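For reference, the chains in residue letters:
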Amino acid sequence: MTEAWPDPAAWLILLPLAWATLAFLAGPGRGGRLAIPALAAQCALALWLAVSLAESGARLHPVGGWGAPLGIDLLADGLSAVMLLLTQAVALALAVYAQAYFADAHHRHEATWFWPLTGFLIAAMNALFLSADLFNLYVTLELLGLAAVGLVAVGGGTAQIAAALRYLLVSLIASGAYLMGVALIYGTYGTAAIASLAPLIDPTPPLATWLAAGLMVVGLMAKTALFPFHFWLPPAHGGAPAPVSALLSALVVKASFYLVLRLALGPFAPLAEMAAWLAGGLGAAAILWGSWQALRTRHIKRLVAWSTVAQLGYLFLIFPLLAADGLAMQAGVMQAVAHGLAKAALFAAAGVLMRATGRDTLDGLAGVAGRVPLTLFAFGLAGVTIMGLPPSAGFLAKWLLIDAALASGQWGWVVVIIAGGLLAAGYIFRVLRRAFLVAPEDSRFHPVPRRLEWTAFALAVASVLLGLRGAELVALLG
Amino acid sequence: MSTGLLYALAGVLLFVLGAAGAVLLAHLMRKVLAFNVMGSGAFLVLVGLAQREDVIDPVPQAMVLTGIVVAVAATALALGLARAFHARTGRTGLTEEARRD
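So the sequence lines, in the order shown, correspond to chains G and P. Everything in the first sequence is counted per this note's numbering, starting at 1 for the first residue and increasing by one. Everything in the second sequence is counted per this note's numbering, starting at 479 for the first residue and increasing by one.
In case anyone wonders, no lab produced these hints; they're calculated from the structure. This structure is a prediction, so every number in the text was calculated from the model and none was measured. Worth double-checking, as some hints may not be accurate.
Stated by the list, open to error - Looking from chain P toward chain G, a few residues come up when the C-beta cut is under 10 Å (computed):
1) Ala486
2) Val537
3) Ala540
4) Arg566
What the hints assert, rightly or not - Negatives, chain G to chain P, calculated, CB over 12 Å:
5) Val51
6) Ala68
7) Arg166
8) Met180
9) Ala183
10) Pro199
11) Leu288
12) Asp363
13) Leu437
14) Ala471
All C-beta atoms in this analysis are idealised placements derived from N, C-alpha and C, irrespective of residue type, glycine included.
Can you build the whole structure from these sequences, using the hints too?
Rendered as structure tokens:
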């Protein structure tokens with residue numbers, strides 16, 4: 001049964017595709033004025049979807065009325081609604097930021113294909129969150145990867161192109177592994193629909209299923225930049241223009257994590273217990289290694305990018321704890337949302353700091369506290385979420401995670417979580433401390449559009465205040 | 479051994495060869511070609527493994543067609559970036575220096 005017309009799920013994919021195409025046709029550097037109202041409409045659609053899901057539970061939309069297996073089904077449930085809301089909200093704020101960022105003469109050349117690529121990126125991400133079939137998920141993963149690689153290269157510099165190539169190669173090999181997994185699953189069970197696979201896979205599956213699960217999960221971990229597959233992330237996210245870094249770090253890496261979570265909760269649940277320790281261990285290593293690198297780097301954006309490597313580690317700590325109860329899953333989603341908002345704010349603020357000082361190193365920051373206090377405040381607030389201090393959403397995520405670890409008697413993870421929080425405080429304060437130093441005589445500050453400062457601030461405030469409304473988010477997850 | 483299984487085994491072989499090439503080879507062009515070999519291997523497994531009986535299953539065929547389109551797009555992007563990289567640096571492979579912190 002198809003509904004008459006506006007199913008928000010379908011429009012969440014169609015609308016960004018439409019404005020991305022129009023922005024492409026409009027020519028280089030154009031499309032911002034189209035993207036912002038369209039993203040506002042997408043926010044409303046995602047909100048509408050979330051409200052209707054809260055009332056009536058998960059819903060299926062067969063595209064064009066064809067239905068699986070030859071048609072495509074869109075499945076929306078609480079988990080996808082949360083990710084959709086996060087994506088639209090962060091993308092809207094970053095679009096407002098990007099329009100002001102690229103208006104500057106020094107950055108205009110970087111905006112050439114920013115808007116169409118962003119539109120395709122968001123369409124792919126929305127489609128990913130709504131897909132109900134392993135093969136459709138492969139297609140959306142590839143679309144997302146290609147758009148993200150295009151965005152990394154959008155600046156056109158040599159380092160950016162090298163970073164984009166490296167990212168593309170990792171992404172292609174990873175999705176190749178995922179595709180092989182899908183092929184083995186389809187060959188074994190004759191279906192790729194997540195819902196029909198779940199009852200078919202028992203705790204003692206054939207070797208092909210193990211192999212498939214391994215290939216798919218390793219591929220997705222590489223796309224999420226989980227340690228030791230993180231090497232492509234710092235150059236790609238650290239080297240791109242600030243709005244691009246923010247989009248990639250806040251949203252894109254979460255998409256492949258979402259898929260791992262989906263698989264671990266659904267069809268691969270019987271297998272998850274065996275590999276969960278490995279995922280948790282890698283997550284712990286990511287937290288320590290990423291934070292350590294963030295404490296060492298000399299560049300502001302590299303610091304924020306290494307912080308992403310560390311924060312992604314938390315997402316994988318939930319897997320050894322998934323069995324306990326719903327707590328770990330809530331913690332993971334809360335961390336994804338908190339980090340999404342905070343990391344967008346950090347990159348947006350880092351972009352302002354670099355614009356104001358004209359330099360990209362931490363040493364160049366001396367004196368910015370007096371020049372762009374609002375941005376520094378935003379950086380600090382987002383830092384509160386990253387460190388996991390109350391009342392931020394990051395605190396809530398880590399609290400739920402510690403709760404889940406204690407409930408299942410796994411003390412070791414608690415130590416890692418707390419150590420990660422302390423290390424995060426270390427690298428956030430590296431930035432704040434330098435910002436309050438006295439500026440050297442010869443330093444020159446450039447004026448920064450107010451809109452850049454306010455969007456960074458709004459994102460940071462959202463990441464903190466969300467901690468107070470965590471109950472609604474958890475209720476939506478069901 | 480059925481024909482389908484033979485295809486699938488050939489696919490696994492191609493996939494492993496391609497994956498090894500994509501990871502180990504340094505030349506960007508070779509990496510892109512190896513990725514295509516890898517993808518073809520996965521497609522062979524997808525079609526071969528699903529055709530164990532005499533009835534043709536159309537779903538994997540539709541999937542492979544879609545997959546080929548995706549692979550063509552990815553190859554085009556990779557070649558475009560590799561050319562841009564070569565034009566700027568004169569090099570044909572990524573070296574360690576791009577990875578430095």
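To see whether the hints hold, each was checked on the structure:
A distance limit of 10 Å between C-beta atoms decides the matter here; for P:Ala486 the minimum to chain G is near 7 Å, and the interface restraint holds. Taking 10 Å as the C-beta contact cut-off toward chain G, the hint placing P:Val537 at the interface holds, the least distance being around 5 Å. Satisfaction of the interface hint for P:Ala540 is found here, the shortest Cβ-Cβ separation to chain G being roughly 7 Å, below the 10 Å cut-off. The interface hint given for P:Arg566 holds, since its Cβ lies 5 Å from the closest Cβ of chain G, which is under the 10 Å cut-off.
Every C-beta of chain P lies more than 12 Å from that of G:Val51, the closest at about 33 Å, which supports listing it as non-interface. A beta-carbon of chain P is positioned within 12 Å of the beta-carbon of G:Ala68; the least distance is around 9 Å. Taking the minimum C-beta to C-beta distance to chain P, about 6 Å, the non-interface status of G:Arg166 is violated against the 12 Å cut. The claim that G:Met180 is not at the interface with chain P is violated, since a C-beta of that chain comes within 12 Å of its own (minimum 4 Å).
Chain P draws G:Ala183 into its interface by the beta-carbon criterion, the shortest separation being 4 Å against a cut-off of 12 Å. With a least CB separation of 19 Å from chain P, G:Pro199 remains clear of the 12 Å interface cut-off, as annotated. Every Cβ of chain P is farther than 12 Å from the Cβ of G:Leu288; the closest lies at roughly 17 Å, confirming the non-interface assignment. Here G:Asp363 stays apart from chain P, with its beta-carbon at least about 15 Å from theirs, past the 12 Å limit.
A cut-off of 12 Å between C-beta atoms confirms that G:Leu437 is not in contact with chain P; the least separation is 23 Å. Non-interface call for G:Ala471 relative to chain P: holds, since the shortest CB-CB distance, roughly 41 Å, exceeds 12 Å.
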